[in-house]
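Position chains B, C and D relative to chain A; hints supplied.
Chains as they are written, first to last, in the numbering used here: chain A, 296 to 962; chain B, 7 to 494; chain C, 194 to 293; chain D, 26 to 548.
Note that these hints are calculated values from the structure, not bench results. In this text the structure is predicted, and so the values were computed from the model without any measurement. In this text, a Cβ means the ideal position worked out from N, Cα and C, and glycines have one as well. Please note that a few of the clues may not be correct.
Derived DSSO-like pairs: lysine-lysine, alpha-carbon spacing no greater than 30 Å straight-line [as the list claims (entries may be wrong)]:
{"#": "1", "chain 1": "B", "residue 1": "447", "chain 2": "D", "residue 2": "52"}
{"#": "2", "chain 1": "A", "residue 1": "322", "chain 2": "D", "residue 2": "395"}
{"#": "3", "chain 1": "A", "residue 1": "459", "chain 2": "D", "residue 2": "395"}
{"#": "4", "chain 1": "A", "residue 1": "900", "chain 2": "D", "residue 2": "49"}
{"#": "5", "chain 1": "C", "residue 1": "292", "chain 2": "B", "residue 2": "48"}
{"#": "6", "chain 1": "A", "residue 1": "319", "chain 2": "D", "residue 2": "469"}
{"#": "7", "chain 1": "D", "residue 1": "49", "chain 2": "B", "residue 2": "447"}
{"#": "8", "chain 1": "B", "residue 1": "447", "chain 2": "D", "residue 2": "395"}
{"#": "9", "chain 1": "D", "residue 1": "469", "chain 2": "A", "residue 2": "460"}
{"#": "10", "chain 1": "D", "residue 1": "134", "chain 2": "D", "residue 2": "49"}
{"#": "11", "chain 1": "A", "residue 1": "766", "chain 2": "A", "residue 2": "683"}
{"#": "12", "chain 1": "A", "residue 1": "458", "chain 2": "D", "residue 2": "469"}
Just a sample of chain B residues kept apart from chain D, beta carbon distances all over 12 Å, derived [unchecked claim]:
{"#": "13", "residue": "16"}
{"#": "14", "residue": "282"}
{"#": "15", "residue": "370"}
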Amino acid sequence: MFDNVWLIPLFPLIGFLINGLLGKKIKNETVIGGIASLAVFGSFIVSCKTFLGLISLPADKRVVDVKIFSWITAGNFNADIAFLIDPLSCLMILIVTGIGFLIHIYSIGYMHGEDGFYRFFAYLNLFIFSMLLLVLGNNLLLMFVGWEGVGLCSYLLIGYYFKKKSAGDAGKKAFVMNRVGDFGFLLGIFGLFWYLGQNHNVWTVQFTELSNSAHLLPTGGIVTFITLCFFLGATGKSAQIPLYTWLPDAMEGPTPVSALIHAATMVTAGVYMIGRMSYIFVRAPETMVVVAVVGACTALFAATIGTAQNDIKRVLAYSTVSQLGYMVLAMGVGAFTAGVFHLMTHAFFKACLFLGSGAVIHSMHGALHHVHSHDDAQDMRNMGGLKKYMPLTFLTFLIATIAIAGIPGFSGFFSKDEILWQAFANPLHGGLNTFLWAMGAVAAGLTAFYMFRLVFMTFFGETRIKAGAEKYLHESPMVIVIPLIVLAALSIVGGYVGIPKLIGDVFGGIPNYLEHYLHPVFANANAYMAAHAHTAHHSHALEWGLMGTSVVIALIGISIAAFLYLVNPTLPAKFTATFPGLHRAVYNKWYIDELYDFVIVNPCKTLGRFLWRGFDVVVIDGLVNGVAHVVMAFGGVVRYLQTGQVYSYAWTMAFGVVVIIGYYLFK
Amino acid sequence: MEINVAQLFATINVATIMPEIILSIMAMVLLLVNVFVPSKQKTYLVWLSLLGIIGAGFSAASGWGQNISSFSGSVVLDNFAIFFKLIFLVSAGLAVLISDQYMERENCNQGELYPLILFATTGMMLMASGTDLMTVFLGLELMSISLYVLAGFNRANLKSNEAGLKYFLLGAFSTGFLLYGMALIYGVTGTTRIAAIASSVAQMNSPLTNTMLGAGMLLIMTGFAFKIAAAPFHMWTPDVYEGAPTPMAAFMSAGPKAAGFAAFLRMFLVAFPMLITQWVDILWVIAVLTMTIGNLTALRQDNIKRMLAYSSIAHAGYALVGFVAANATGTTGILFYMLSYAFMNIGAFAIIVLVGKQGEPNGSVQDFAGLGTKRPVLAAVMSLFLFSLAGMPPTAGFIGKFYLFSGALEQGYVWLAIIGVLNSAASVYYYLRVMVFMYMKPSEEEFGWVTIGAPISLALVVAAAGSLIPGIIPSYILQLAQQAVKLI
Amino acid sequence: MDNLSNYLILSAVLFSIGTIGVLVRRNIIVMFMCIELMLNAVNLTFVALSRHLGNLDGQVFVFFIMTVAAAEAAVGLAMFIAFFNNRESIDADDASLMKW
Amino acid sequence: MSNILSLMTFLPIAGVLLLLFIPKDSKGVLRTVAFLTTVATFVVSIPVLTGFQTIADFQFVENVPWIAAGPFAMRYNIGIDGITIWLVILTTFIMPIAVLSTWTAVEDKVKEYMICLLLLETGMLGAFLALDLFLFYIFWEVMLIPMYFIIGIWGGKNRVYAAVKFFIYTMVGSLLMLVALIYLYLLGTKAGITDFSLVHFFSLNVDPATQTWLFLAFALAFAIKVPMFPLHTWLPDAHTEAPTAGSVILAAILLKMGTYGYVRFAMPLFPEATAQFTPLIAVLSVIGVIYAAFVAMVQEDVKKLVAYSSVAHLGYVMLGLFSLNEQGVTGGMLQMINHGISTGALFLIVGFIYERRHTRLISDFGGLAKQMPIFTVIFMIVTLSSIAVPGTNGFVGEFLILIGAYESSLRWYTIIAASGVILAAVYMLWMFQRVMFGELENPKNQKLEDLNAREIAIMVPLIVLIFVIGVYPNPFIEKMTPSIKKVIAQAKVQQTTAQAVSEAQPVAAPAEAPQAATQPAAH
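This is chain A alone, in the form it adopts within the complex (with noise of 0.2 Å):
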C-alpha cells in the first residue's frame, strides 16, 4: 500500500537533477521554477495519497517499514535506505512538502532576475530530497543523512549570495555549529548501537526496533550520555543554547530560504529527533531536566534579543530560535505531541511571516534601487507605514502576527498555550515546573511584544523610507501573495486540530485529532511516564487561570509595543538613552558570538598556528632533520682525521693494531 512512497524523496531529487545539470542550459526561469515546484508538488500529491492510505488503517497497524535496498552491511551492523510510515512522519512529510512547494512558488516570483536562478531551485529541491530522507528514514543512519543533508543544502543556499563575504562566514558558521550537533548525533548512534548490542545482543539502528527494545535501556545511566549526545545534535539543528548563533547569521540568505529552511522545516529537526526517539529519552529523567531548561532558556533569551533588533529578517529570526525553544521545552517536559503541534503551526505562521518580510524587502530594495539608495532595505527604521502600499501582505502578517502572538483563536494559540500548561503541570520536573512555565510565560509577552514591535515599525505610523522612493513601492506579484494568503489561512486554521481538551469539552466535546493521531507514536514513551511518574492532577480552574494570564501577558506585549512603538515612538530612543549598556548589549546579541570568538574560534587558530609553525615544523621536523644534521655533522668531523699525511695514516694503523692486540691480552 506504501509501495510508491519511494516516489515522495525521489520527485525532488529528480528535480535537483535536473536543475543542477541541466539548470544553466535551460536558461528559462518558468521552465527552472515549474520543474523545481512540480516535482515538490508531485512529493505533496503522494504524501497526501500515503497520508490517507495511512490513516484508513487501524490506530495499531499505523507503524510501516518500507525498505528499498539495503544500504550499508558490516559485520552486526546494517543499515537499509528504508522509509518508515507513521503519524509523525507522515505529518513532517506533509508539512515539509506542502510548506515547500508553496516556498517554490513563492521564489519563483521572490527570485526573479537573479544570478543562479536555477542553482537556487536545484538547491532548494535537494533541501526538500534530503528532508524527506531526515523524516522518512527508518533508522538513525538514514536519518542522519537527512540531517546533514539538509545542513549541506543550509550552507549551500544561506552561502547563495557567494561574493558576499557576510554570506559566506554564515554559512560556514552554520555548517560548522551543525556538524557539532552532528558529531553528538553520532556519539549518540554509537553509544546505543553499542549498549543494546553488546548487552542485549540487539544490533540495531532502526527506529521501530530500537523502539521495542527500548525496555532493555535502564534509567539513566548510559542513557542519559546517549540521549545527552542526541540533544547536543539537537541543539546545533534546531538553534538552542549554546548553538544557536548560527541561525540569526543565517539570515543571509535568500529570504524563502530562511523561511523553508530557517523557520519551518529544517530548524525542527531537533524537535523531530525527540519526538522520534522520545521513547528513549523519558528513561533519562536527567536529560529531560535538561532538554527542558535548555527549551525554556533558549524561548526566554532569544526573545530578549529579539526586542532590539531593526532588521526585520533578524526579528524574525531570534523569534524562529525562541519558538524552537518552545518546541524543546515541550519535549522537555515529555509533552510530545504539544511540540510536534507547535512545530506544525509554527511552520505556517512563521512561514507566512518570512514570507510576508520577503515581499517587505523585495518591495523595498525595488523601491530604493529605483532611488539609487544605498539604505538598507531590511532595516525597519527605513520602512514604516507599508500597510497602504501593500495591503494584502500586511494582512497576512498581521494575522501570522496575531498566531504567534498567542491571540485565542489563531494557531499559535492552542499550541504555545498547550506547552505552557504541560510545562506546569507535568509529572517530570516537580518544583523546576513553575520555573519553567513562568519563563514561556513572559517569553511569551516578550514575542508578542517584539511581533507588534516589528508590525507597527514596518506597517504603522510614517513613511520612512527615503524620500521619493515610496512611490515605487507596491504590492508584491501573484506569485508571492497567493503564498501568503494559504499560509495565513493555515495560521488560523492550524490550530483546530488540536484543541486542548479543556476548551475542546466547553464546545461539546471537539476531540482532540492531532493528539489521537500521534498516539501511536508517543504511546510508548507515554506509557512509561505513565508507569513512572506521578501525575498531579491540576483542576480545571488553575488550567483556566494560567491560560487566562499567558493571553494577558501577550496582551501586555502588544500594548506596550503599542505605547512605544504606536503612541509615542520617541519614548524607545529615550529608554535606549536612560539604559545604554543593557540596549547595548541586547542589541549585540548578549556578546555571545564575540564570546564564541574570544573562547573558542581565536584559541583554536592560535593553537593550530602553534602546532604547525611551534611544534610540527620546529619540534617534529626538527627533530627528523636534527637526526640528519648531527649525522652529516658528525661526518663533517669524522672526515679531518683523514689528514693527508702518511704518518699520521701509519699512526693509526699502529694505533688500531695495539688496541686489537692490547685488548686481547687484556680481555
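Below, chains B, C and D alone, put in the same frame as chain A:
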C-alpha cells in the same frame, strides 16, 4: 734432510694453477707485443688482455667442483677459489675495458698498464687459491706491487704520484704486520700450511690462552684488514682512490678487496675457527666502525671518487657483517656481494671516467649536473649502479646485503644487522646526491667528452647487466656461492 | 729454549724499532728503510723459529720475503724518483695534496 | 587467463619498453602510449574484478619458485583477496587519471616522466599482490625509486629536499622492517617453514616478547608510510613539491601501502603484539586526527592543507583497523579507497588551479566560483566527500570506522576522534570559502578559464565513484567481507588468551573486554 724430487713433482698438478699461468703468460706476451708494435693506439692491448682474462676464466671455471690440491697442498683449486677468481677476472676485465679511453685522455696510455693489471690479477688468484701462508703472501705481494705501480701510473700527475706513494708506504707497512703475524703462527704451529695450522690448533691443549697464537692471528687480521680497507686500517683508501687513475681506482675497489676477503676468509674460517671467540668480537667492532666511518665521511664528500672510496670502505664493513656471522649464509653473502660490487662499483667508476675532464681538475659531483638531460642513458645506468650500491631492490646490491645481514641475524647478531641497515639508510643520502645533480640540477657547462668507445660501452653493458640481473634472478649465482663456501 | 727467546725478543725489538721509525720519520726513504727493518725482523723470527722447530718452511719463507722485499724496493724507489721529479722533495709531509 | 595478475602487474613495464623506443621529442606520442598502457592495465584488471569470488581465499594465485639459496627460499607468489581487490582496482583506476592530469603540466623530460609513472604502477600493483614477504619487500622498495624521481625532477621549488627526505625517511623504516622480516623467517625455519610465503607465517606462534620487537619494526615502516603522527612530516613536504600526478598517486595509493601493511602483515602476523600496541596506535591515530586538523586549519598553501587533511584521514583509517571488529576494519578498508578517490581528486583540483595561476596560496585566490562554475561544483563535491557528508563515500567509511571503534575497546579514543568531523568541516570549508567565495578581486584571477574537456573527463569518474560508494557501498563491502573476517580472526586469535591472562591479574580488564571477543561468534 732428503728431498724426494720425484715425489715432489708428483704432487704438482699444473691444472691447479692453469688460470694463473694463462694470465701470466698473456701478461708477458703483452709486454713484448707492446714493445714490438709501435702503435699509439693501445686498444688492441685491451682486446688481447680480455682474451687472456676470458681464457683464464674458462680455465678456472672448468675446474668447478673438482677441488684439486697441488704443490704439496700449498695451492688448491676449489670452488671457493674459483668463485673468487671469477670475481677478480670480472674486475680485471671491466678495468681493462674502461682504461683505454681514460689513459688516452690523460696522456699516459703506456702499454705496461695491461700486463700490470693482469699480474695483479694473477696475484689475487694466487691469494684465493693459496692454502699455505707462503702462497698467500706471494700472491698478496704480487698483487700489491702491481697495484702500487698502477696507483701511481700517471707519473706526471701529482695526485697519482702521491697515491702510489701513500699506497706503497702503508701497504708495505701493513705487510710487515702481516708477516710478523705469520711468523708467530708458524712458531706456534710449526707449519705454514693452513690446513695443518688448523689441525695443530685443534690438537693444542689450550689454544684460547696461547698468547702467541692469538697475537699472530690478530696481526694477520690487521694485514688483511688493510687490504680490504677496514677501519682503522682504511686511511689509505680515499687518498689512493682519489689520486689513482680512475679505472685503477675502480679496479682496486673491486678486485683486491675481494682478494683480501678470499684470503682472510680462508685463513680464519679454515685455520682459526677454533679461536672464533677470540676474533669475532674484534671483528664485530671493526665491522661497525668500518661501516659507520665510511658512510659518515662519505656524506660530506664533494669529490665523487673520494666519495666512492669512502663508500667502498662502508661496503667492506657490510661484507664484514657477513664475516662476523661466519656461517654459510653470511659467507655466501660475502661472495655474492663481492661479485655484485665488482659490477656496480666499476660501472659507477666507468661513468666517472666518461664524465671527467682531462686532468680531473676537481672531479666533483657538480660535474654530473644535467647529465640526465644531456646523456639520459648514461644517467640512467649510473642511477642503476648507485641504487645497487645503496642496496635498493631489485638490484644485485640488495640481494647481497640481504644475505649478509641475514647471516648476522642467523647467528643472533641483531644489533649488528640493525646498525648495518641504518648505515645503509644513511648511505642512501650520498648516492641520491649524485642523482640529485644528474637529474635535478641544471648543467653548468658543456660536457667535454667525446664519443663513448666500444670497450667502455661493453664494460657499461656488462656492469649494468651484472648489477641488475642477479638482483632479479639471483638463485644461480647464490647457489654457486653456496657451493663455494661449503669447502672452506 | 733460552736461545730462541733471545732471538725472538731481538726480532721483536727490531720490529718495534722499525715500526716506530715509520711512525716518527718524515723522509720517505728512511721510512721505507724502517719498513725493510720490520721485514728483516720478521725474517729473523722465521729463521730462529725454523731452526727451533727443525723444519725448513720458515727458511723458505724468508727467501720469499727477501725476494719480495727486493721487488718492493725496486718499485718503491722508482716511485720515489717519480715523486721527487714532480715535487723536488722526498718528504712525506709533502705528499698531502689529498685529504679529508 | 591464469597469469592475469602478472599480466596486469607487468603490463606497465611493457609500456616502458615501448616508450624507450620513442624519440623524446614526440611528446604527444609518449603521452598517448603511456596513457594507453595505463588504460590497458585497467582493462586487464576488470576481469580480475568480475572473476573475483566473494570468499576469503587468495585468488588468481600464481606461485612459482624464484630464489632458493641457503636457508632462504623466495617464491614468485602473487594473488588477490578481498583486502587487496579494491586497492588494486583503485591503483589501475587512478593511474590513467594521473597520467592525464599532467598531460600539459609536464613539458620537460616527458619520456622519463612517463617511464617513472609506469614503473611506479608496477611497483604498487606488485606490492599489493605479493603474497611472499620477500617479494612484497622488493616491490615495496621499488616504489620509492620512481616516486623519488617524480618528486625530485618534476616537483616544485623545494623538490630536492622533499624527495630526499621522502626517500630516506621511508627507507629507514623499511630497512628495519627488512631486519624484522629476516628475523621472522629465521624463526620460521626453526618451526619448519621453508619459504617466504605469507600464509606460512600466520600459523607461526611467535612468543609475545619477540612479537613486540617484530611488530615494532613492521609498524614503524608502515607508520612512516601511512603516515602516522609524529612520523608525518615528510608528507606535507612531499605533497607540496610533487607534481600533480605525484601527489595524486602518493595520496591515493602510496599512503595506502602503510595501512595495507598493517592489515596484511603487522596485525595478523603478530596478534599479541597488536593487542599490546592497540592503545598506543589508537592514541597516535587520535592525536593525528586532531592535530592534523588543527595544523591544516591554519595552512596558507592549499596543497599543504590537503596533505595535512590526509594525515587526519589516515588517522581514522588506523583507528578503524585497530578496532579489530568487522565494522571498524571494513570502515578502514573502505576509507582507504575513499581517501584515495577524494584526496586524489582534491590534489587534481589543486593541480588545476596551480596550472592556471602557478600559485597555491589561499590568499592569492578568492571568488573563483564566479569565474569557474564547473570547477566550483566539482570542487564542492570533492570537498564534501572529504569532510564525509552523507551521501558521499567519505561518510560511509568514517561512520563504519567510528562505530566499529566505539564498539571495541577504543571507545574513548573514538569520542575524541569523532570531534575531528567538526574540525574537518572547519578547515575544508574555510579553505573552500576563501578560495572560491567572495569578490573576484585579484585581476589575475579574472582571466581564469573554467575546466576544459580533459580536466572534466578526469574528474567525472571520481565524482561518480564518490556518489556510488556513498549511496550504494554494499557491493564494495561485500567483496571484502570474507577476507576481513579472516584477518580479524587471525589478528585476534591469540587475543582471547592474552585477555584471559590480563584478567587473571588483579588489575582486571574492563568487563566488556571478554564480550568484545565473543562478539563475532554471537553474530
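We went through each hint and held it up to the structure:
| no. | hint | result |
| --- | --- | --- |
| 1 | B:447 to D:52 | 22 Å, holds |
| 2 | A:322 to D:395 | 17 Å, holds |
| 3 | A:459 to D:395 | 12 Å, holds |
| 4 | A:900 to D:49 | 49 Å, violated |
| 5 | C:292 to B:48 | 33 Å, violated |
| 6 | A:319 to D:469 | 26 Å, holds |
| 7 | D:49 to B:447 | 19 Å, holds |
| 8 | B:447 to D:395 | 40 Å, violated |
| 9 | D:469 to A:460 | 20 Å, holds |
| 10 | D:134 to D:49 | 7 Å, holds |
| 11 | A:766 to A:683 | 11 Å, holds |
| 12 | A:458 to D:469 | 17 Å, holds |
| 13 | 16 | 39 Å, holds |
| 14 | 282 | 20 Å, holds |
| 15 | 370 | 17 Å, holds |
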